[in-house]
Amino acid sequence: SQQGEEDPQALSIQEGENATMNCSYKTSINNLQWYRQNSGRGLVHLILIRSNEREKHSGRLRVTLDTSKKSSSLLITASRAADTASYFCATDEQGAQKLVFGQGTRLTINP
Amino acid sequence: SAVISQKPSRDICQRGTSLTIQCQVDSQVTMMFWYRQQPGQSLTLIATANQGSEATYESGFVIDKFPISRPNLTFSTLTVSNMSPEDSSIYLCSVVSRGGHNYGYTFGSGTRLTVV
Numbered sequence: 001s002q003q004g005e006e007d008p009q010a011l012s013i014q015e016g017e018n019a020t021m022n023c024s025y026k027t028s029i030n031n032l033q034w035y036r037q038n039s040g041r042g043l044v045h046l047i048l049i050r051s052n053e054r055e056k057h058s059g060r061l062r063v064t065l066d067t068s069k070k071s072s073s074l075l076i077t078a079s080r081a082a083d084t085a086s087y088f089c090a091t092d093e094q095g096a097q098k099l100v101f102g103q104g105t106r107l108t109i110n111p
Numbered sequence: 112s113a114v115i116s117q118k119p120s121r122d123i124c125q126r127g128t129s130l131t132i133q134c135q136v137d138s139q140v141t142m143m144f145w146y147r148q149q150p151g152q153s154l155t156l157i158a159t160a161n162q163g164s165e166a167t168y169e170s171g172f173v174i175d176k177f178p179i180s181r182p183n184l185t186f187s188t189l190t191v192s193n194m195s196p197e198d199s200s201i202y203l204c205s206v207v208s209r210g211g212h213n214y215g216y217t218f219g220s221g222t223r224l225t226v227v
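Just so you know, the protein sequences line up as chains A and B, in that order. Using the working numbering, the letters of the first sequence correspond one by one to residues 1 to 111. Using the working numbering, the letters of the second sequence correspond one by one to residues 112 to 227.
Derived from the structure by calculation, the hints contain no laboratory data. Please note: incorrect hints may appear among the correct ones.
Unchecked claim - Below, computed lysine to aspartate or glutamate pairings styled on DMTMM-like, alpha-carbon distance capped at 25 Å:
(1) 98/A to 165/B
(2) 118/B to 198/B
(3) 26/A to 169/B
Input sequences plus hints: build the corresponding full structure.
In structure tokens:
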């Protein structure tokens with residue numbers, strides 16, 4: 001079953017603005033991961049944050065994790081048209097050895 | 112990270128028929144995962160396939176409908192049996208990236224299935 005809830009479901013911003021997506025989950029995790037999917041194609045792994053980490057950066061991406069609130073956020077700074085895609089959070093559950101995906105956020109960057 | 116070749120990339124099938132999807136990985140992996148993504152939805156795990164043992168299916172998925180083979184550590188197939196239009200989805204395979212669980216998962220490019 002899906003345990004991750006993401007908001008917003010859809011986000012439309014202007015190029016150059018920052019985009020923030022949020023994810024909540026329910027169980028204990030080893031790590032939380034963010035993926036991008038372009039037009040229903042395969043998923044691309046963006047960034048992974050471990051359960052003992054609070055913040056992580058990769059290029060224009062910044063991820064935070066609050067295990068007390070069971071929530072995470074993905075920030076994309078200085079957005080570009082090429083960032084238009086669906087973004088999914090996924091949790092690697094403790095003891096389960098599988099990924100559980102959130103519902104996703106459809107991000108549209110307007111030129 | 113591992114590289115996955117997934118075939119076919121898309122297919123249009125008649126209801127009542129079956130389709131077998133293949134995933135080939137460029138390295139040996141213990142577990143392979145099969146997901147379904149219904150139109151406009153997120154990914155749902157169908158089953159986990161270990162080499163040398165029967166696949167472990169998630170709630171709502173059964174072996175008769177989605178038989179899985181895992182003949183070796185680099186290859187797996189998923190069959191969608193007795194298809195109906197409700198099976199129209201994208202099907203994806205996945206493996207844990209080289210380096211283990213703290214390095215994310217790698218996904219195949221997906222199979223877009225349309226059942227008519």
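Hints versus structure:
With a C-alpha separation of about 16 Å, the suggested pair residue 98/A and residue 165/B falls inside the 25 Å cut-off, and the hint holds. Taken as a hint, the residue 118/B and residue 198/B pair is honoured in the structure, with Cα atoms around 17 Å apart against an allowance of 25 Å. With a C-alpha separation of about 18 Å, the suggested pair residue 26/A and residue 169/B falls inside the 25 Å cut-off, and the hint holds.
The structure is consistent with each of the numbered hints, conforming to all of them.
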